[in-house]
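Engineer: Numbering-wise (the UniProt record's numbering), the sequence shown opens with residue 1 and increments by one.
None of the hints are false.
Subject to a maximum C-alpha distance of 25 Å in a straight line, what follows is the list of computed SDA-like cross-link-like pairs (lysine to any residue): (1) K512 with N445; (2) K578 with H653; (3) K455 with R396; (4) K240 with Q332; (5) K605 with A526; (6) K512 with Y545; (7) K240 with P728; (8) K243 with E725; (9) K242 with R196; (10) K731 with S669; (11) K348 with A289; (12) K719 with E665; (13) K463 with T286; (14) K605 with A520; (15) K211 with M577; (16) K242 with N617; (17) K242 with P259; (18) K348 with N381; (19) K558 with H490; (20) K243 with Q338; (21) K605 with L272; (22) K466 with A526; (23) K348 with T252; (24) K463 with V527; (25) K512 with S434; (26) K211 with R196; (27) K578 with A633; (28) K466 with E519; (29) K463 with D439; (30) K247 with M378; (31) K243 with I717; (32) K463 with Y404; (33) K348 with M387; (34) K347 with N385; (35) K242 with E665; (36) K578 with A661; (37) K731 with R239.
Keep in mind the hints are simulated off the structure, nothing from the lab.
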Amino acid sequence: MDPGSLDDIPKVPPPTNPVEKKRRRPPLSCEQCRRRKIRCDRTQPCNKCIESNAPSCTYAPVHIPAWRAKKLDLMATGNGDSAVDSAAKNPLRAIKAAEPRPEGPGTDTIDSIHPVLPFINMDSTSASSSKVVSSLAGSSSTSSSPNVDWLVARVHQLEEKLAKALRINDTQDGPKRRPSTPEMAEPGDGFVAKSRYYGHSHWIYGVNILKVEHDIVGQDKLNQGDLYASLLRCKAIGRKIKKNRLKPLSSTNLGAHMPTRELADVLVENYLRTFEGVFRVVHIPTFRAEYARFWEDSHPSNESFPILLQLVLALGAALYDDHFSLRPMATQFIFEAQMWLMIPPEKKRMNIEGIQIQCLLLLAKSTCNVGVDMVWMMAGNLVRNAMFVGLHRDPRYLGDLTIYRAEMRRRLWATVLELNLQLSFEGGGSPLLSTAHYDTLPPANLNDDELTDEKDNGRLNVKGPKVPTQTSILRALLATIPLRMNLINHVNNTRPGDHYEETLRLNSDLTKACRAISEALQSLEAVPNSPITHFHVLVTEICLYRCFHALHQPIIVKYINDARFYFSRQMCLDSAMKITHIWGFPDAWVKDQTTASEAMDADLKRLVTNGTGMFHNVASQAMIIVQIELLNAKAGQPTSLGYLPTVGSANLHARLEATQAWKLERVRSGETNVKGIIFAAACLAHVKALEQGVDVKQRTRMMFQAATEVGQQCFEILKEVAEREGLPRSKWEAETASLDGGSLGDIPMDWMQDWTWEDGQGISFPQWDPDFDTDNFMEELGFDIGEF
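Could you put the whole structure together from the sequences, leaning on the hints where they help?
Structural biologist: Rendered as structure tokens:
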């Protein structure tokens, strides 16, 4: 074909009505993700831009029809609350509603331009708002200045309404945000000492704020002075005493060492009268029958009963006399029980009897000061063993069980929960358990003799809650388990959040629970022939009121002088006064202090003198709060907001003196750790020095002198303890005598069973006395600081 003939082909005219090109869907992803062609989560800024460190995250403007814009305006202005609520419930639907629909040409105007607001993590800060507005406004080149101003105001209005109704926390993989305002205050960090982490609920965490006493004791260790020498002497003889208490162990004669029948009867009654009323472990009628059979038959059929009996005797020994003369026997029984649980085969002990022995072992180790620092880890093992045998499932799911078997399982699980929670407070850790992990019902309000062999058919014969029974105390504690579990998890939580708001909410719930339970138990105690004693009520209050210390102690350590957190200081002080009242510490207006001490429950008085664990740590934590308030008051700091009543300093002073006397009694009962007593003596001397208004140099001398005198007094008491427990004088006299001649030797100080100070770097300690300069003071005394 001739190329020129192409011009002769007739051309087809264009159609009179051209087909309109279909409009694409508006982009919802940010411009940066669209450019990189990756998935965008449509937040501001999106996660992909955060991960890539993009300088900006912008969204393209979207054309919205006028009718749709008008509808959104009516929803935001006339019915704004419902629109925000709807957006909060279904943000994807709200985004869908904002998408444009195809309209005919010429219908879009400049007034119908609106951005698609991504439903993001709403903190509503001015910086993020301005970033979104500027990026959206800058990308619309067709907008005029008035309309841009209207757009900015509109975005601000919608963000404010969404921020009020919608609150989305940071995701787990998102960046952590620390609170920047005191209202969202979080506790200070815990600290590590000798490879162990001490959390916020640990009683020793509050010592961090007593910086002056901390420096006094630590500095004297460097100076090798009289105080350090007295500490070494106490430490040397204390180690000899503890070593003398250890007897050789053999797996072939476990459970064979028993006291006389007369002594055993007294110790068993001590246990059943006290501990068993709070922590239900054994069935009392069954235990008494097995106990009588044990003395009649020299070869009991149940091999686990001698171990269980030994632990019962060890707990009863803590209440036998004022000086815990049976401590070596209790220590021996505890070690035998621990070895019995460890020797193979362990599977043979995974039953109800094994769980009972583990519960008693935890109680005995915590009370008798045998490896008390390790019991929190053992509590975790106890929880898992209890779940292994199915105690976390209610018996109604486990087949047809008798009332006796079902109720014993429920009681044991409640005891396991309580022990795990109490030892979490002691160890400064979390219980690592939640209410979602178990469905066991609370034990029935029945006495032990009412647990029969009939089938557990819904507990038709259960008594009402106003009838006192042998399980009333455990049921009362179990009712607060969810609250206290949330509290301890909140206190020892390491993630950021609205910490103080949650603290106030938990404080309100805890206050109501403590008041209700105290009133209920006191009314049950007043019923004639009630199995509930005053000892049971006091121990229950100790378990509950200690929660106030753990809840507010981290706040006052970090914000002691911030008036906005005065409520936490007041709650800690009120709880401390309650605890010290339970301990029998007298008030300033009580002239006869012996009368106040005698009014204390006799069993609890012996237990707080001889026992450890919660029977020592709760009062120690309370006295730290008293020391903080008293020193703060004497240093001239405000103790109230001007219109609230305050506790008189004379009252606090009397409690502090009573604490020193109580700790000395604990040394007489066989405690070998004297650091707490010396620290209390230094605090008391510091208060007296502030009252006298002496200068810094004299104040420090008074603290050194008081601490040294108490250290020497403790050494004399420990010599009496060594003689009482049969430790030959030749085993400790030569070693302690060598410390008096000036050569202090190289005895390592176990500072956090004996309080570790030197490993606490990185902790912020508020100073009570800003004028106190330890280095300058030591130089004035003639010591060369460079030598140390």
